[in-house]
Every structure is written in structure tokens, then in C-alpha cells.
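Q: Taken in sequence, the protein lines are chains A and B.
Mapping of the first sequence onto my numbering: position 11 corresponds to residue 11, and the numbering continues sequentially without gaps.
Mapping of the second sequence onto my numbering: position 37 corresponds to residue 37, and the numbering continues sequentially without gaps.
Keep in mind that the hints were calculated from the coordinates and are not lab data.
Even glycine gets a Cβ: it sits at the ideal position worked out from N, Cα and C.
Heads up, a few of these hints could be off.
As the list claims (entries may be wrong) - Here are some of the chain A residues that sit facing chain B, going by a computed Cβ distance under 7 Å:
| hint | residue |
| --- | --- |
| 1 | 42 |
| 2 | 45 |
| 3 | 87 |
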Amino acid sequence: ETGVTQSPTHLIKTRGQQVTLRCSSQSGHNTVSWYQQALGQGPQFIFQYYREEENGRGNFPPRFSGLQFPNYSSELNVNALELDDSALYLCASSLSQGSSTPRTQYFGPGTRLLVL
Amino acid sequence: EDQVTQSPEALRLQEGESSSLNCSYTVSGLRGLFWYRQDPGKGPEFLFTLYSAGEEKEKERLKATLTKKESFLHITAPKPEDSATYLCAVLRMGYNQGGKLIFGQGTELSVKP
Chain A
1 ETGVTQSPTH
11 LIKTRGQQVT
21 LRCSSQSGHN
31 TVSWYQQALG
41 QGPQFIFQYY
51 REEENGRGNF
61 PPRFSGLQFP
71 NYSSELNVNA
81 LELDDSALYL
91 CASSLSQGSS
101 TPRTQYFGPG
111 TRLLVL
Chain B
1 EDQVTQSPEA
11 LRLQEGESSS
21 LNCSYTVSGL
31 RGLFWYRQDP
41 GKGPEFLFTL
51 YSAGEEKEKE
61 RLKATLTKKE
71 SFLHITAPKP
81 EDSATYLCAV
91 LRMGYNQGGK
101 LIFGQGTELS
111 VKP
């Protein structure tokens, strides 16, 4: 069974640039969630994708956008980067089957983004 | 407003010295409480899910318990390899399928030999 993978592992950008982060979900999972984790803090929910559509969004501005592909992999795009966007970006996958039973989210290793 | 608070922020133990980490929460309609372990620079690793008050789960030296307002992660006779940040999260439903996790700030555990 393949776990959640993310690329790249590290990234350095300058303020105002755009960045795309990628995530491959765990085998058999159909839902992908993205989180931002600042140093010393717990992860914060950015958004979630299910069946290639955004399925919920946290308190992040529209310059944070995403996609989910038919194979359930996902991208996180951030435009007009700001210094405060420097963080660890985590992708988590889970299996949603239309029931009310909550499903565990499994995390990837993250992408460390530094904005200078 | 949904909120998760973990205490203490940092905990230093000697090897073999048992202790507990606390996670208190306020959330409308708890759909699950999750414990994760996170090593520096890595993604959170899933440990336990608890769904209802009174539920307990165990894994090696770790035991998680849940009440209506808080959860405890008990660590029995810890070893240095248990050193990590332990994250607590509650599942907030209200979306079409999956829901979002609301995390506490974590407890950084250090176990010295």
C-alpha cells in the first residue's frame, strides 16, 4: 500500500511569485485535504477536495487555490506569495464513502516553503 | 467557536517516568477526536481515533482516553524514541463528505535517557 506522497520536499520563492505543490493520495483514498503549519503551531485547514470539487474551505484568501485530478492526486497553488506564507504545507488523504462515519486522514511528509 | 487546547506546551521526562498529555476541546457535534505524532520536519503520523466519551485506545506505551470535554494521552514508561510533538485534533463536519480537522498547538515531549 502506497502512502501519501508530496513534492517537492523543499522550495524557496520570493515575494510575489507563484508556487504549485503536489500531492498523491494513499492508494484507495478519494479525498484530499490541505493544511498549512507554521513553525511551532498546529496545522490549519486550507481546503478539501472530493470528486474533483472543493468540498470545504478554511480562512484562507482566494490566492490559495487547488485542483483534484481523476486519479485523486491534487495540487495546491498559491499566487502572489507573501512572507507569511512560509510554512510546512501538508496534504492528507482519506476515504469518503457517503456514510456518516468519519474517516481518518493520513498525512504526507509535507513541503517546506520559504518565501524571501 | 470550535477550539482545541493542548497542555502542557512542552514536557520533559526521564526515561521510565510516566505522564499524561491533555487535550481540551469545544466543538459543536464531536465527530471524532484524533491523536497524531509529529517528528521534526515531518508530517503527522496517525495514532488513535476516539469517537465517544468513555472510549479508550492503546498502542504500545500509549493510551488515549476521551471524556465529553477532554482527551488524555497517557504515556507509560516512556523511552527516548517517544520524543516528538503530539497533536490532538477534532473532526468538524458540515461539509459534503470528509470534514476538516481542527488542531491544537501540540505538546512537545522530550524523554531523556
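Q: Now tell me if each hint is right for this structure.
A: Here is what the structure says about each hint:
1. 42: Constraint on residue 42(A) satisfied, holds at 3 Å.
2. 45: holds (4 Å)
3. 87: With Cβ-Cβ at 12 Å, over 7 Å, it is violated.
Hint 3 from the earlier list is the only one contradicted by this structure; the remaining hints agree with it.
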